[in-house]
Amino acid sequence: MEFTRRDTLALGLGAAALTVLPIRAVAAWDDVITAFTGGAEVGEGGLTLTAPEIAENGNTVPVSVDAPGAAAIMIVATGNPTPNVATFNFGELAGSQSASTRIRLAGTQDVVAVARMADGSFVQTQSTVKVTIGGCGG
Amino acid sequence: MAIGVKPRVKAPKTAEVGEVVTIKTLISHKMESGQRKDGDGNVIPRSIIHRFTCDYNGVNVIDVEMHPAISTNPYFEFEATIPEAGDMVFTWYDDDGDVYTTTKTVAIG
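Chains as they are written, first to last, in the working numbering: chain A, 1 to 138; chain B, 1 to 109.
Hint data in this document are derived by calculation from the structure and do not stem from the laboratory.
Backbone N, C-alpha and C fix where the C-beta goes; we use that ideal spot for every residue, glycine too.
Check each hint, because a few of them may be wrong.
Cut-off 25 Å, straight-line C-alpha distance, at most; resulting in silico cross-link-like pairs (DMTMM-like, lysine to aspartate or glutamate) [what the hints assert, rightly or not]:
1) A:K130 with B:E32
2) B:K10 with A:D30
3) B:K24 with A:E41
4) B:K104 with A:E53
5) B:K30 with A:E56
6) B:K6 with B:D98
7) A:K130 with A:D7
8) B:K104 with B:E32
9) B:K37 with A:E56
10) B:K24 with A:D30
11) A:K130 with B:E77
12) A:K130 with A:E41
13) B:K30 with B:E65
14) B:K104 with A:E92
15) B:K37 with B:E84
16) B:K10 with A:D66
17) B:K13 with A:E92
18) B:K24 with A:D66
19) B:K6 with B:D63
20) B:K30 with B:D94
Have a look at the derived ranges for each label pair, beta carbon to beta carbon [unchecked claim]:
21) B:R51 with A:D110: 22 to 32 Å
22) B:G109 with A:G43: 39 to 49 Å
23) A:T50 with B:L26: 14 to 24 Å
24) B:K6 with A:G120: 33 to 43 Å
Hey, can you work out the whole structure from these sequences and the hints?
See below:
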């Protein structure tokens, strides 16, 4: 396969766009997670975040988290004006380290859950939710 | 704004010792996020419930820190272990300083 001048130009533009986009996406929600983890390394596995693939109404999006052996689970909405959503701290009598609630999402975005395990380690998972009508008013 | 705030809790009346039961709670509250504007373009000030706790005979079951992204009429579903007969106390803390509580008694058997 030969590259014409036009192909090369298109490739270059595409590569440039790819490098620029992630910078825009990284915002305050990173700081929220860092505040929770204290900068510790965040692993994966052992945490389940259940959220709908498509939410018609961003005002009430049902989500649930489940992380056996967790001490606390935080939910962060990466695309909301205030990314904090909720932090569940499980007490001595918690029957399981799981909880469900309903949250507001401003638009299509990733919802991130971070769990602090009993041994002090952290795990993270995320789920993309497509929102038809945003839930922040206007 | 403590108008029309009404907590509702669904918990079993009886349980076996050591049984894990599912608790569902709902409290009617408008959870004003502080993001919306009224007809004149003025921001409506934030007014939410920012904390919810559930204790059983004084021992903590769950403690939830809430932010404006929690929907109107906050709903929570979670599980609790019942070690003995007793009272389950649910507490919601409003931004305006109000505290709403409701109690459910669980018997063994």
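Taking the hints in turn, this is what the structure says about them:
| no. | hint | verdict |
| --- | --- | --- |
| 1 | A:K130 with B:E32 | holds (23 Å) |
| 2 | B:K10 with A:D30 | violated (36 Å) |
| 3 | B:K24 with A:E41 | violated (34 Å) |
| 4 | B:K104 with A:E53 | violated (36 Å) |
| 5 | B:K30 with A:E56 | holds (20 Å) |
| 6 | B:K6 with B:D98 | holds (13 Å) |
| 7 | A:K130 with A:D7 | violated (33 Å) |
| 8 | B:K104 with B:E32 | violated (28 Å) |
| 9 | B:K37 with A:E56 | holds (22 Å) |
| 10 | B:K24 with A:D30 | violated (31 Å) |
| 11 | A:K130 with B:E77 | holds (24 Å) |
| 12 | A:K130 with A:E41 | violated (29 Å) |
| 13 | B:K30 with B:E65 | holds (17 Å) |
| 14 | B:K104 with A:E92 | holds (19 Å) |
| 15 | B:K37 with B:E84 | violated (49 Å) |
| 16 | B:K10 with A:D66 | holds (21 Å) |
| 17 | B:K13 with A:E92 | holds (21 Å) |
| 18 | B:K24 with A:D66 | holds (16 Å) |
| 19 | B:K6 with B:D63 | holds (19 Å) |
| 20 | B:K30 with B:D94 | holds (11 Å) |
| 21 | B:R51 with A:D110: 22 to 32 Å | holds (26 Å) |
| 22 | B:G109 with A:G43: 39 to 49 Å | holds (43 Å) |
| 23 | A:T50 with B:L26: 14 to 24 Å | holds (19 Å) |
| 24 | B:K6 with A:G120: 33 to 43 Å | holds (40 Å) |
In terms of the numbered hints stated before, the structure departs from hints 2, 3, 4, 7, 8, 10, 12, 15, listed from lowest to highest.
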